[in-house]
Amino acid sequence: MTTESKSHESGAAYGTFHRRVLEGKGAVFAVVTTVAILVGGIVEIVPMYTAGAGPETADWVTPYTPLEVAGRDIYIREGCYLCHSQWVRPMRAEILRYGEWSRAPEYQYDRPFLLGSRRMGPDLHRVSQKYPDAWHYEHMRDPRSTSPGSVMPPYPWLLEATLDAEDVQASVRALRKAGVPYSDSDVDGTAGSLATQGQQITASLAGAGIETRPDREIVALIAYLQRLGREGKAYLSNESGGGE
Amino acid sequence: MSQVESTAQETRAYDDNIVKLFFGATVLWGAVGMLVGVIIALQIAWWPANLGLPWTTFGRLRPLHTNAVIFAFAGNVCFTGIYYSMQRLLKTRMYSDLLSKLHFWGWQAIIVAAAITLPLGLTQSKEYAELIWPIDVAIAVVWVIFAWNFFGTIAVRRVKHLYVAIWFYMSFVITIAVLHIVNSLAIPATLARSYPVFAGLTDGLVQWWYGHNAVGFFLTTPFLGLMYYFLPRAAERPVYSYRLSIIHFWALVFLYIWAGPHHLLYSALPDWAQTLGMVFSIMLLAPSWGGMLNGLLTLRGAWDRLRTDPILKFMVVAVSFYGMSTFEGPVMSIRSVNGLAHFTNWVIGHVHSGALGWVGMMSFGTLYWLFPRLWNRELAYPKMATQHFWLATIGIVLYTVSMWVAGLMEGLQWRALNESGQLANPIFLDIVHSLMPYYWMRVLGGTLYLTGMVMFLFNVVKTISGPERAAAVEAPSPVPAA
Numbered sequence: 001m002t003t004e005s006k007s008h009e010s011g012a013a014y015g016t017f018h019r020r021v022l023e024g025k026g027a028v029f030a031v032v033t034t035v036a037i038l039v040g041g042i043v044e045i046v047p048m049y050t051a052g053a054g055p056e057t058a059d060w061v062t063p064y065t066p067l068e069v070a071g072r073d074i075y076i077r078e079g080c081y082l083c084h085s086q087w088v089r090p091m092r093a094e095i096l097r098y099g100e101w102s103r104a105p106e107y108q109y110d111r112p113f114l115l116g117s118r119r120m121g122p123d124l125h126r127v128s129q130k131y132p133d134a135w136h137y138e139h140m141r142d143p144r145s146t147s148p149g150s151v152m153p154p155y156p157w158l159l160e161a162t163l164d165a166e167d168v169q170a171s172v173r174a175l176r177k178a179g180v181p182y183s184d185s186d187v188d189g190t191a192g193s194l195a196t197q198g199q200q201i202t203a204s205l206a207g208a209g210i211e212t213r214p215d216r217e218i219v220a221l222i223a224y225l226q227r228l229g230r231e232g233k234a235y236l237s238n239e240s241g242g243g244e
Numbered sequence: 001m002s003q004v005e006s007t008a009q010e011t012r013a014y015d016d017n018i019v020k021l022f023f024g025a026t027v028l029w030g031a032v033g034m035l036v037g038v039i040i041a042l043q044i045a046w047w048p049a050n051l052g053l054p055w056t057t058f059g060r061l062r063p064l065h066t067n068a069v070i071f072a073f074a075g076n077v078c079f080t081g082i083y084y085s086m087q088r089l090l091k092t093r094m095y096s097d098l099l100s101k102l103h104f105w106g107w108q109a110i111i112v113a114a115a116i117t118l119p120l121g122l123t124q125s126k127e128y129a130e131l132i133w134p135i136d137v138a139i140a141v142v143w144v145i146f147a148w149n150f151f152g153t154i155a156v157r158r159v160k161h162l163y164v165a166i167w168f169y170m171s172f173v174i175t176i177a178v179l180h181i182v183n184s185l186a187i188p189a190t191l192a193r194s195y196p197v198f199a200g201l202t203d204g205l206v207q208w209w210y211g212h213n214a215v216g217f218f219l220t221t222p223f224l225g226l227m228y229y230f231l232p233r234a235a236e237r238p239v240y241s242y243r244l245s246i247i248h249f250w251a252l253v254f255l256y257i258w259a260g261p262h263h264l265l266y267s268a269l270p271d272w273a274q275t276l277g278m279v280f281s282i283m284l285l286a287p288s289w290g291g292m293l294n295g296l297l298t299l300r301g302a303w304d305r306l307r308t309d310p311i312l313k314f315m316v317v318a319v320s321f322y323g324m325s326t327f328e329g330p331v332m333s334i335r336s337v338n339g340l341a342h343f344t345n346w347v348i349g350h351v352h353s354g355a356l357g358w359v360g361m362m363s364f365g366t367l368y369w370l371f372p373r374l375w376n377r378e379l380a381y382p383k384m385a386t387q388h389f390w391l392a393t394i395g396i397v398l399y400t401v402s403m404w405v406a407g408l409m410e411g412l413q414w415r416a417l418n419e420s421g422q423l424a425n426p427i428f429l430d431i432v433h434s435l436m437p438y439y440w441m442r443v444l445g446g447t448l449y450l451t452g453m454v455m456f457l458f459n460v461v462k463t464i465s466g467p468e469r470a471a472a473v474e475a476p477s478p479v480p481a482a
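Top to bottom, those sequences are chains B and Z. Mapping of the first sequence onto the working numbering: residues 1 to 244, in sequence order. Mapping of the second sequence onto the working numbering: residues 1 to 482, in sequence order.
By construction, these hints were calculated from the structure, which means they are not laboratory data. From the three backbone atoms N, C-alpha and C, an ideal C-beta is built for every residue, glycine too. Take the hints with a grain of salt, since some may be wrong.
[Said to hold, decoys possible] The calculated lysine-lysine pairs, modelled on BS3-like cross-linking and capped at a C-alpha distance of 25 Å, are:
{"#": "1", "chain 1": "Z", "residue 1": "91", "chain 2": "Z", "residue 2": "101"}
{"#": "2", "chain 1": "Z", "residue 1": "20", "chain 2": "Z", "residue 2": "383"}
{"#": "3", "chain 1": "Z", "residue 1": "20", "chain 2": "Z", "residue 2": "91"}
{"#": "4", "chain 1": "B", "residue 1": "25", "chain 2": "Z", "residue 2": "160"}
{"#": "5", "chain 1": "Z", "residue 1": "383", "chain 2": "B", "residue 2": "25"}
{"#": "6", "chain 1": "Z", "residue 1": "20", "chain 2": "Z", "residue 2": "101"}
[Said to hold, decoys possible] To list a few chain B residues with every Cβ distance to chain Z over 12 Å, as calculated:
{"#": "7", "residue": "57"}
{"#": "8", "residue": "60"}
{"#": "9", "residue": "73"}
{"#": "10", "residue": "79"}
{"#": "11", "residue": "108"}
{"#": "12", "residue": "135"}
{"#": "13", "residue": "183"}
{"#": "14", "residue": "184"}
{"#": "15", "residue": "189"}
{"#": "16", "residue": "195"}
{"#": "17", "residue": "199"}
{"#": "18", "residue": "200"}
{"#": "19", "residue": "203"}
{"#": "20", "residue": "204"}
{"#": "21", "residue": "213"}
{"#": "22", "residue": "227"}
Generate the whole structure from the sequences, applying the supplied hints.
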């Protein structure tokens, strides 16, 4: 009992208080611990909702289309976010390499957020329109065909796997429930929207000599990648000097 | 108060079967989780190791690795140590054998579910919280079972005061429940897919509040609890300072929870939250080093045994790595340092100095001390334990040094500008290729660490299948039980 009796001899007031009130009563100890661990989280998270101190939102950002939602889910499934960030930081070298730094509203419909934590490959938050649709198609089939020396694994199964419109509709419906402002007609029109946007991409791919169908997973992923940062780029290029 | 922890009769009253079960799961999942780690390290150095199959690509195996080593290996280590030590510290059998069993089998079923769903690409994408919502529900249920058993045991204890290890275990039980439930709040779309109730940067804030405190309360506080029980027992010395343990416990549990936003420095998250995260991360150095000092100084008068005792070797290196990584973490949380370190291999090196160094070595020290006692055996190959120690230590050094160098190299190359103010290294892939030697060095370091784990496994099997020790009497405990 060396250590404990030593502290008793020293007679530290908080030591005896701690021993009597906290260590002697498990329930009290548990309650005080719970309060101690809750404070930081409450102070940091609650004002995001209640004090208007949360991330800025804007009306120049629109929710993802159903095809983009499907593409985003594929991006999540394949773990793309583990090697590619979606977060251009406000630093000269990053702006030169990737484009305008990432603004808060650009993430406002992101559920889950996909900022990433590691850049094994380049950032993708401004990848929209950087490459043609066909480039992405070839890059997923064989990354080294478009980027010699790339260390990215190939994803040929995306070229064959198909989307299920009902499955995508379930996603759109759940996202609306979570708070994304989709209308009834957005939800009901999922299948039509998938087909229309898918055909635009297959047409552009056909122009480059690639034959595929609008319900392929690769089409959805291309739709998502070509969306990344598009609205931010358009908005920021209209702003004077692009600053805030 | 008696110096002798328990009579032979009381020892029989403890439920050590559940401890043995958790120990067995630890050894199994530890080997699997570390093997997957070496595989994904190889995939980064040599992309064909992705094997061209959807289930084996880096993007699907990386979450399998992190979940396996955190929740399967480290989690089962915590449960092994907690079920063993809390019965002895509270001088009572666990509150309910049924709850203990439900906890064990429930947790292992969750691990199996994770090992199936993650390679299938079923994920929520939040780091260390990837598992799909039905598994999240199962985790919450199993955690409540564990908490019920835990607090029930405290309620029926036969000592008056709670020893410091119990405080740390308690913060683990409470905080993980809070973090898991809040961060997992989501709207299901299908059985395998859901969308978080939080959006964008707020979702990021909630995730890193969870993510950083998974480090804090899954990989730090329970392991400090293990340190406070098993280090004094292995060293046969009392804890250095009771007063220091009070101060650093409360400071640690209060400050840790604020640190999450340092994962979002230089993002568009409101500045006030970024600054809070940075400030509290820096303050966290003090209680972290309080724990390190209390651990190391507990060895005063026992340092000579470090030459011969592999268990103390593991523990001392563990506590030293705890000190190093909790110094490095606050430094990396400083905005300008983070500007260089973020997104790079430096972060991976930092995490692994904590994971391989602190968590891994503390686990091995604890387990080598514990399992021969559990089965009442002599360790079959004590020399092999020392060899394991050296292999693991060299492995950690290779791992962390290679990742520090690779991290600084890529961070500096990404930002380098030439004299005309343009990017000095405009081709991203050139920078990737410059890191390859260090990626191979990391594969080597990880392989050494895994080899040590396999030697441990071998030692365990040989020890348990060996002859029983003659006298079945527990050693008297120098640890104040209350």
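(message) Output the indices of the hints that this structure fails to meet, ascending.
(response) Result: hints 5, 7, 9, 10 and 11 break, sorted rising.
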